[in-house]
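Chains as they are written, first to last, in our numbering: chain A, 35 to 146; chain B, 7 to 118.
In short, the hints are calculated from the structure, not lab data.
Built from N, CA and C at the ideal position, the CB exists for glycine as well.
Result set (DSS-like, lysine-lysine): computed pairs, CA atoms no more than 27 Å apart in a straight line: (1) A:Lys133 x B:Lys63; (2) B:Lys71 x A:Lys133; (3) A:Lys133 x B:Lys77; (4) A:Lys60 x B:Lys63.
Some, not all, of what chain B presents toward chain A, calculated at C-beta under 10 Å: (5) Val10; (6) Ser39; (7) Gly46; (8) Gln51; (9) Tyr54; (10) Asp62; (11) Phe96; (12) Cys97; (13) Ala98; (14) Tyr103; (15) Gln104; (16) Gly110; (17) Gly112; (18) Arg114.
A few chain B positions that, by computed beta-carbon distances, are all more than 12 Å from chain A: (19) Lys23; (20) Lys24; (21) Val58; (22) Arg74; (23) Glu85; (24) Leu118.
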Amino acid sequence: SQQGEEDPQALSIQEGENATMNCSYKTSINNLQWYRQNSGRGLVHLILIRSNEREKHSGRLRVTLDTSKKSSSLLITASRAADTASYFCAPGGGFGNEKLTFGTGTRLTIIP
Amino acid sequence: EAQVTQNPRYLITVTGKKLTVTCSQNMNHEYMSWYRQDPGLGLRQIYYSMNVEVTDKGDVPEGYKVSRKEKRNFPLILESPSPNQTSLYFCASGWDYQEAQYFGPGTRLLVL
Numbered sequence: 035s036q037q038g039e040e041d042p043q044a045l046s047i048q049e050g051e052n053a054t055m056n057c058s059y060k061t062s063i064n065n066l067q068w069y070r071q072n073s074g075r076g077l078v079h080l081i082l083i084r085s086n087e088r089e090k091h092s093g094r095l096r097v098t099l100d101t102s103k104k105s106s107s108l109l110i111t112a113s114r115a116a117d118t119a120s121y122f123c124a125p126g127g128g129f130g131n132e133k134l135t136f137g138t139g140t141r142l143t144i145i146p
Numbered sequence: 007e008a009q010v011t012q013n014p015r016y017l018i019t020v021t022g023k024k025l026t027v028t029c030s031q032n033m034n035h036e037y038m039s040w041y042r043q044d045p046g047l048g049l050r051q052i053y054y055s056m057n058v059e060v061t062d063k064g065d066v067p068e069g070y071k072v073s074r075k076e077k078r079n080f081p082l083i084l085e086s087p088s089p090n091q092t093s094l095y096f097c098a099s100g101w102d103y104q105e106a107q108y109f110g111p112g113t114r115l116l117v118l
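Just chain A, same shape as in the assembly (with noise of 0.2 Å):
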């Protein structure tokens, strides 16, 4: 199965800036997905962006796909506190690849 690697494993940023993080993967998928881990819960999908895409916003997130790169960004515009979670990258499909397999993830903290 193909693991995202996510980049950096940690940020901390203060409310109100933007945050930016990175997913690599290895091999060629059909689209990439990220989420979203609070504390100990279960994941919330975020976006998924297909390999066909190169842009995709959702309210204030906005995630990139270079496949040529073999890379995903993922930017969380004005933030706020209750975006403190880790957060990981999801590359999906691919033939022979069935499985959905995460990274270690980003944890993000937010300051107020």
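Dock chain B against chain A, hints included.
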């Protein structure tokens, strides 16, 4: 309300005592999976199921069993639990492995 439920939420048991963690979804999803989450290791997929009576191993299947007799239920069975199976377990479901996954609230298991 669309949801994935897991029971029990917390469980303390002893080595070798068989246990089952139940998972149920009410969204008629075909794809279901189990993950374990450990500090520093992220989420690792244990087993997944593409549909009723179709199950397959994820990345860490050793020591676990699953069954998918009905579309809505996907129990995780530990025939002889060991301390290294102490972990936080999540069940998830989705229309397909390439689509958004809905996660349960998690089951914290401690094996003494």
